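S.K.: So the sequence lines, in the order shown, correspond to chains U and C. Start counting the first sequence at 1459; every next residue gets the next number (this note's numbering). Start counting the second sequence at 24; every next residue gets the next number (this note's numbering).
By construction, these hints were calculated from the structure, which means they are not laboratory data. Do not take every clue at face value.
Reference listing, derived: stretches of chain C covered by chain U, where coverage requires no fewer than 3 residues with Cβ under 8 Å from a Cβ of chain U [to be verified]: (1) 96-103; (2) 117-128.
Computed beta-carbon distance windows for the label pairs [to be verified]: (3) C/K32 x U/I1607: 25 to 31 Å; (4) C/D181 x U/S1601: 42 to 48 Å; (5) U/V1612 x C/K157: 49 to 55 Å; (6) U/E1599 x C/A191: 33 to 39 Å; (7) U/Q1677 x C/E263: 44 to 50 Å; (8) U/R1561 x C/K157: 56 to 62 Å; (9) C/A191 x U/P1604: 54 to 60 Å; (10) C/A139 x U/L1628: 55 to 61 Å; (11) U/K1560 x C/K135: 54 to 60 Å; (12) C/T85 x U/L1624: 53 to 59 Å; (13) C/T249 x U/E1599: 55 to 61 Å; (14) C/T211 x U/F1579: 26 to 32 Å.
Here are some chain C residues pointing at chain U (derived, C-beta under 8 Å) [unchecked claim]: (15) L75; (16) A79; (17) Y107; (18) M131; (19) F158.
Nothing here was measured: the structure is a model prediction, and the numbers come from that model. Note that beta-carbon positions come from the ideal geometry of N, C-alpha and C, so glycine has one too.
Chain by chain, the residues run as shown.
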Amino acid sequence: MRNILPVLTVLAVIVVIWQLAVAPMNIRVALDQAERGGAEIVPEGSVPRRDMSVWRLMLDNSENVAAGYALERPRLPTPAQVGAELWKTTGAMIERGRAWSKRSLIYHGWITLQSTLWGFFLGTAIGIIGAVAIVYSRTAELSLMPWAIISQTVPIVALAPMIIVLSGQLGVDGRGVPKAIISAYLCFFPVLVGMVKGLRAPLPAQLDLLRTYSADGLQTFLRLRLPASVPYLFTSLKIGIAAALVGTIVGELPTGAVEGLGARILIGDQFGTPLAIWSALFAAAILAGVLVTLLDLAQRVTLRRMGMAA
Amino acid sequence: MASSVIAAKVLDLTFQTNDGPVHALKGVSLDIAQGDFVSFIGPSGCGKTTFLRCMADLEQPTGGTITVNGGTPEAARKARAYGYVFQAAGLYPWRTIGRNVSLPLEIMGYSKAEQAERVARVLELVELSGFEKKFPWQLSGGMQQRASIARALAFDADILLMDEPFGALDEIVRDHLNEQLLSLWDRTGKTIAFVTHSIPEAVYLSTKIVVMSPRPGRITDVIESTLPRERPLDIRESPEFLEIAHRVRDGLRAGHAYD
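Given only the sequences and the hints, what does the whole structure look like? Please build it.
M.R.: Encoded structure:
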């Protein structure tokens, strides 16, 4: 836990910058609202204010800057507002026994988490199988690798609606399956690349050693290539699970989705409730953080048991 | 010679590289008898490691013949007729010392009980008893190299092929390991082929010293040692020892192209 201090320091800096940015970001909305409330604003009317810089507006109307920190629909909510909204849609819901309400981010987070995990397992399986094929077969390397790279150049936001429509055509109910496929699509690549590298990590001398024992291919795989690839695998899995979460959220964005953190972001946008967007965004970030941390923990425990602790 | 364990006849090995062919071995002929301790010495690129790798079926000669135990090197490898010790210890970091030593035994299908018994025995042989549960990084370089020798001894092959096993170790550790290796050879009667850079090491250990020279890799001298089997470390001060060392040095010098 020796990295807790640097992490908190960076976090504090971000919060400070964010807090400072709220004033210029919200000044126009705050002035419009104050004017409607009968306050005197320089200049009068929102139209002439549109062409003025936010800094000028803040200077001329310094008594109204603070109002930007308490707007109901701010351009940029304050950290405290986002925190309060997050608490309202998570902890407070649990306290009232309504954790599984459709207004609760725990419910939506759980929907997203499920697809993420399915996509993660599917993507990891595809990545590992593909890597084994590539390492053991020259043909597979020449044919699979370029496609794996090309697959990642296609924008996932363009592909996601197609996967959803196609899976609907095939009679798949709900969003779960297409979301998991989109998620796996992003997740498999880092696992594939990492595992190819890991399975090729053994040195020529280590392979020669097994040859002098006239070990067969399976023994070489199980006793040398696989264990040698474990550190690479975990590194890939950490990238993979973050990619899987992004994939799931992208899969929740196309119109029609009502569940999941991605849908919350979209709905927040459509209904003009920035707090909902921001809290869903932070819920997604926290979820990603937890997942990556869990994998990091699993990595430490595994490597220590294998005697390869760093 | 019927008693030859390893016999090479006008062995050639040419690597095709982008800069043209490299003659790693050219016309190499040598007989190694049962129980011999043969050292290969020569500057870098003289083909001593390549020759060893040919015996181990890790490299395929492009001309001539080589037999191990009367058959092909491939047959010998498949019969697990030799143990090979590499320049680097090459222990698997995810295995304890005990499990590293039992690696060949697992692959060759020894029973669990037999594995445990053999691991204990060879670790004792290299004076590493009690380190079974340690991981490689917890051991010094010299101990790791001893563990790798134990690994090569575990399945009790009659031939031991060693490629500069002590090259990376300091002088004192090297002396100690040389002493241990000699006594091991004396007790077990194995045939040992040993690649080295060091003249004193070659003279101290060997019954036969093969001097090689590069471009093309070839044998320039084969010296039968007149030293007794029993060799305390201070034999290295004896006139006999110095005389052999002198001949090895001359052989190396003659074959050395200063280019």
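S.K.: Each hint: holds or not?
M.R.: Status of the hints after comparison with the structure:
1. 96-103: holds (count 3)
2. 117-128: Three-residue rule met by the segment 117-128 of chain C, so holds; n is 5.
3. C/K32 x U/I1607: 25 to 31 Å: violated, 51 Å
4. C/D181 x U/S1601: 42 to 48 Å: At roughly 46 Å between Cβ atoms, U/S1601 and C/D181 fall inside 42 to 48 Å, so the hint holds.
5. U/V1612 x C/K157: 49 to 55 Å: For U/V1612 and C/K157 the Cβ distance comes to about 50 Å; the hint holds.
6. U/E1599 x C/A191: 33 to 39 Å: Cβ of U/E1599 to Cβ of C/A191: about 35 Å, so the range 33 to 39 Å holds.
7. U/Q1677 x C/E263: 44 to 50 Å: holds, 48 Å
8. U/R1561 x C/K157: 56 to 62 Å: Once the Cβ atoms are compared, 57 Å apart, the range 56 to 62 Å for C/K157 and U/R1561 holds.
9. C/A191 x U/P1604: 54 to 60 Å: violated, 41 Å
10. C/A139 x U/L1628: 55 to 61 Å: With Cβ atoms ~56 Å apart, the hint holds.
11. U/K1560 x C/K135: 54 to 60 Å: holds, 58 Å
12. C/T85 x U/L1624: 53 to 59 Å: holds, 57 Å
13. C/T249 x U/E1599: 55 to 61 Å: holds, 57 Å
14. C/T211 x U/F1579: 26 to 32 Å: Given range 26 to 32 Å: violated, Cβ gap about 52 Å.
15. L75: The hint is violated - C/L75 has no Cβ within 8 Å of chain U, the shortest such distance being about 11 Å.
16. A79: holds, 6 Å
17. Y107: Status holds, d = 4 Å.
18. M131: Holds - the Cβ of C/M131 comes within 8 Å of chain U, reaching about 7 Å at its closest.
19. F158: holds, 4 Å
Hints 3, 9, 14, 15 from the list above are not met by this structure, while the remaining hints are.
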